[in-house]
Amino acid sequence: MNISIKLSLVFMILMNSKKICAQTQIRAGFLPSINYNQKIDKIWEVNFKFESRHFLFDNTSEEGSDFKYTYSLSDVSALVGRKVGLNSKVVLGILIRIEPDAIIHRTIQQFIFQSKIANFRVAHRIATDQTFSSNESTEFRLRYRLSAEIPLSGLKLDVKEFYFKFNTEALNSIQDQYDLELRIVPNIGYAINEQHKIELGLDNRFGSLLSTQKRFTSWITINWFI
Amino acid sequence: MKTRNIVLSLGVLILFPLASKAQQKYEKEYRLKSKMIPLSAKEFINSIGSDFKIKWYKEISLNDVTIEAKFKHDKKRFSVEFDTLGMLLDVEFIIKKREITPIIYERIEQKLDSLYQKWKFRKIQMNYTGRGGDIITSMSNNEPSNSIKVSYEIVLKGKALGNTQLYEITFSEQGEIQGILQIVQDKADHLEY
Chain A
1 MNISIKLSLV FMILMNSKKI CAQTQIRAGF LPSINYNQKI DKIWEVNFKF ESRHFLFDNT
61 SEEGSDFKYT YSLSDVSALV GRKVGLNSKV VLGILIRIEP DAIIHRTIQQ FIFQSKIANF
121 RVAHRIATDQ TFSSNESTEF RLRYRLSAEI PLSGLKLDVK EFYFKFNTEA LNSIQDQYDL
181 ELRIVPNIGY AINEQHKIEL GLDNRFGSLL STQKRFTSWI TINWFI
Chain S
1 MKTRNIVLSL GVLILFPLAS KAQQKYEKEY RLKSKMIPLS AKEFINSIGS DFKIKWYKEI
61 SLNDVTIEAK FKHDKKRFSV EFDTLGMLLD VEFIIKKREI TPIIYERIEQ KLDSLYQKWK
121 FRKIQMNYTG RGGDIITSMS NNEPSNSIKV SYEIVLKGKA LGNTQLYEIT FSEQGEIQGI
181 LQIVQDKADH LEY
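Chain order of the listed sequences is A and S.
When you line the first sequence up against the working numbering, it's residues 1 to 226, in that order.
When you line the second sequence up against the working numbering, it's residues 1 to 193, in that order.
Just so you know, these hints were derived from the structure itself, not from any lab.
All C-beta atoms in this analysis are idealised placements derived from N, C-alpha and C, irrespective of residue type, glycine included.
Honestly, I wouldn't trust all of these hints.
[Unchecked claim] Below, in silico cross-link-like pairs of lysine to aspartate or glutamate (EDC-like), each with a Cα-Cα straight-line distance of 20 Å or less:
#, chain 1, residue 1, chain 2, residue 2
1, S, K187, A, E45
2, S, K55, A, D158
3, A, K42, S, D189
4, S, K55, A, E161
5, A, K89, S, D189
6, S, K33, S, E68
7, A, K156, S, E29
8, S, K28, S, D113
9, A, K49, S, D189
10, A, K160, S, E29
11, A, K156, S, E59
12, S, K187, A, E199
13, S, K70, A, D158
14, A, K42, S, E81
15, S, K28, A, E194
16, A, K83, S, D186
17, S, K58, A, E161
18, S, K187, A, D41
19, S, K33, S, D113
20, S, K123, S, E168
21, S, K53, S, E43
22, A, K156, S, D186
23, S, K35, S, E59
24, S, K187, A, D101
25, A, K156, S, E68
26, S, K157, S, D113
27, A, K39, S, D186
28, A, K83, S, D189
29, S, K187, A, D158
30, S, K42, S, D90
31, A, K42, A, E194
[What the hints assert, rightly or not] If you want the footprint, here are the derived chain A segments under chain S, 3+ residues with CB under 8 Å:
#, segment
32, 108-122
33, 126-134
34, 151-160
35, 194-208
All chains, full assembly: derive it from the sequences and hints.
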């Protein structure tokens, strides 16, 4: 292929990607979380999570620069899990979303089961949730998440070892109309000891996939599991 | 029927301590480079003649440290264990339940029925212990020679008094229980929540 044709093609792709970017709402920021899990007995466990959102980039910002720090919200959740099989559990709980000018409530139901493929552990999560807020109609979601852990040394993850974790999730939601979101989240984690793990990752969310105005949000995540 | 249930329940109660008091199994392993492996261990593995890649691990358990080679050979997954000086300890390979002699399999089934209300195999491994040469001969003949010791290492999901756990049970060649270990499952909250 002639070099000028190649250059023209690259130019056309770049022009189109700029058009696509202009149509897509792009946001990026930090998403730190603390995740505390406690076994009550052989069957029951509780999980508490705190997560907050901090935007650093927003291309829909009406102010001059797209780069600007904005605190968005904090989520606090409490879940209760009951083991229903050797590797499966049912989880119920609530989440409270604290926004600067509103408080939103969410009820959560999950079924989680684990399996093993070759040397890595895989967890499947099928979940439904309902989000209630005073100024919007109730949102109902059905989601499926697949999480895989690949130990980076040896056959299984041990203390003081690194691991790679990959989450992918599809979220169907209905709030006045149907919507679809996909999440792809690669993480690098480290098992500090039996109790603590720390993860650094990139939480990529492709939202409003069926709408003409798509949303893309990318978070740098720091997760601390206790 | 009622008497049978009482007898079965008593049987479970008598045998339950054996199932529930199983020691716990802890293991930690690291990948090793081939150049770190004692020559005698490498020579033994080479004599098996596997065409597949050999993966070497250092395995640390509560009692000892060993070196393990994992590979595929003759459509089977092998795991060969050496001490840190390269002395052969045992050879294990995954088998299907139909590969166990029917009379021995029946005996194993009976023992498991007496230990657990419900059980399901996860993995069956045949274990050869003995002289390296005899083990190689047994592997190539696909049948253990008289000079080596054979045992079965079975990983299963077992339910005893309503509690389901993973166990590793070692059976002798004759189908007698030699040891029960409860497998400790690693925390997975970072995958689940």
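Each hint tested on the structure:
1. Between S:K187 and A:E45 the alpha-carbon distance is near 12 Å, which keeps this suggested pair within the 20 Å criterion.
2. At roughly 18 Å between alpha-carbon atoms, S:K55 and A:D158 fall within 20 Å of each other, so this suggested pair holds.
3. The straight-line distance between the Cα atoms of A:K42 and S:D189 is roughly 15 Å, inside the 20 Å bound, and the hint therefore holds.
4. Distance hint between S:K55 and A:E161 is fulfilled; the C-alpha atoms sit about 19 Å from each other, no more than 20 Å.
5. Note on A:K89 and S:D189: the hinted pairing holds, with a Cα-Cα distance of about 12 Å set against a maximum of 20 Å.
6. Annotation: proposed proximity of S:K33 to S:E68 holds, straight-line Cα distance about 12 Å (limit 20 Å).
7. For the hint linking A:K156 to S:E29, the alpha-carbon distance of about 8 Å falls within 20 Å, and the restraint holds.
8. For the hint pairing S:K28 with S:D113, the CA-to-CA distance comes to about 31 Å; that exceeds 20 Å, so the pair is violated.
9. Taken as a hint, the A:K49 and S:D189 pair is honoured in the structure, with Cα atoms around 12 Å apart against an allowance of 20 Å.
10. Pair hint A:K160 plus S:E29 holds up; C-alpha atoms about 12 Å apart against a cutoff of 20 Å.
11. For the hint linking A:K156 to S:E59, the alpha-carbon distance of about 11 Å falls within 20 Å, and the restraint holds.
12. Distance check on the hinted pair: S:K187 and A:E199 sit about 15 Å apart at the alpha-carbon level, within 20 Å; holds.
13. Restraint check for S:K70 and A:D158: satisfied, since their Cα atoms lie roughly 19 Å apart, inside the 20 Å limit.
14. Proposed proximity of A:K42 and S:E81 is contradicted: the alpha carbons are some 34 Å apart, above 20 Å.
15. For the given pair, S:K28 sits about 13 Å from A:E194 by alpha-carbon distance, which is consistent with the 20 Å threshold.
16. As the CA atoms of A:K83 and S:D186 are separated by approximately 15 Å, the hinted pair is consistent with the 20 Å bound.
17. The hinted pair formed by S:K58 and A:E161 meets the criterion: a straight-line CA distance of about 14 Å does not exceed 20 Å.
18. Between S:K187 and A:D41, the direct Cα distance comes to roughly 14 Å. Compliance with the 20 Å bound is thereby established for this hinted pair.
19. For the proposed pair S:K33 and S:D113, the alpha carbon gap of about 43 Å is over 20 Å, so the pair is violated.
20. With a C-alpha separation of about 9 Å, the suggested pairing of S:K123 with S:E168 holds against the 20 Å cut-off.
21. Between the alpha carbons of S:K53 and S:E43 the distance comes to roughly 15 Å, so the proposed pair stays at or under 20 Å and holds.
22. The straight-line distance between the Cα atoms of A:K156 and S:D186 is roughly 9 Å, inside the 20 Å bound, and the hint therefore holds.
23. With a C-alpha separation of about 17 Å, the suggested pair S:K35 and S:E59 falls inside the 20 Å cut-off, and the hint holds.
24. As the CA atoms of S:K187 and A:D101 are separated by approximately 38 Å, the hinted pair breaks the 20 Å bound.
25. A distance of roughly 14 Å separates the Cα atoms of A:K156 and S:E68; the hinted pair therefore holds under the 20 Å criterion.
26. Pair hint S:K157 plus S:D113 holds up; C-alpha atoms about 12 Å apart against a cutoff of 20 Å.
27. The hinted pair formed by A:K39 and S:D186 meets the criterion: a straight-line CA distance of about 13 Å does not exceed 20 Å.
28. This hinted pair checks out: A:K83 and S:D189 have alpha carbons roughly 13 Å apart, not beyond 20 Å.
29. With a C-alpha separation of about 11 Å, the suggested pair S:K187 and A:D158 falls inside the 20 Å cut-off, and the hint holds.
30. With a CA separation close to 14 Å, the supplied pair S:K42 and S:D90 stays within the 20 Å bound.
31. Among the hinted pairs, A:K42 with A:E194 is consistent with the structure: their alpha-carbon atoms are about 18 Å apart, no more than 20 Å.
32. Using a Cβ-Cβ cut-off of 8 Å, 4 residues of the segment 108-122 of chain A lie near chain S, which meets the minimum of three, so the contact claim holds.
33. Residues of the segment 126-134 of chain A with a Cβ under 8 Å from some Cβ of chain S number 0, which does not satisfy the need for three, so the listed coverage is violated.
34. For the segment 151-160 of chain A, the stated coverage by chain S holds: 7 residues have a C-beta nearer than 8 Å to a C-beta of that chain, and at least 3 were required.
35. For the segment 194-208 of chain A, the assignment as covered by chain S holds, since 3 residues bring a beta-carbon within under 8 Å of that chain's beta-carbons and 3 suffice.
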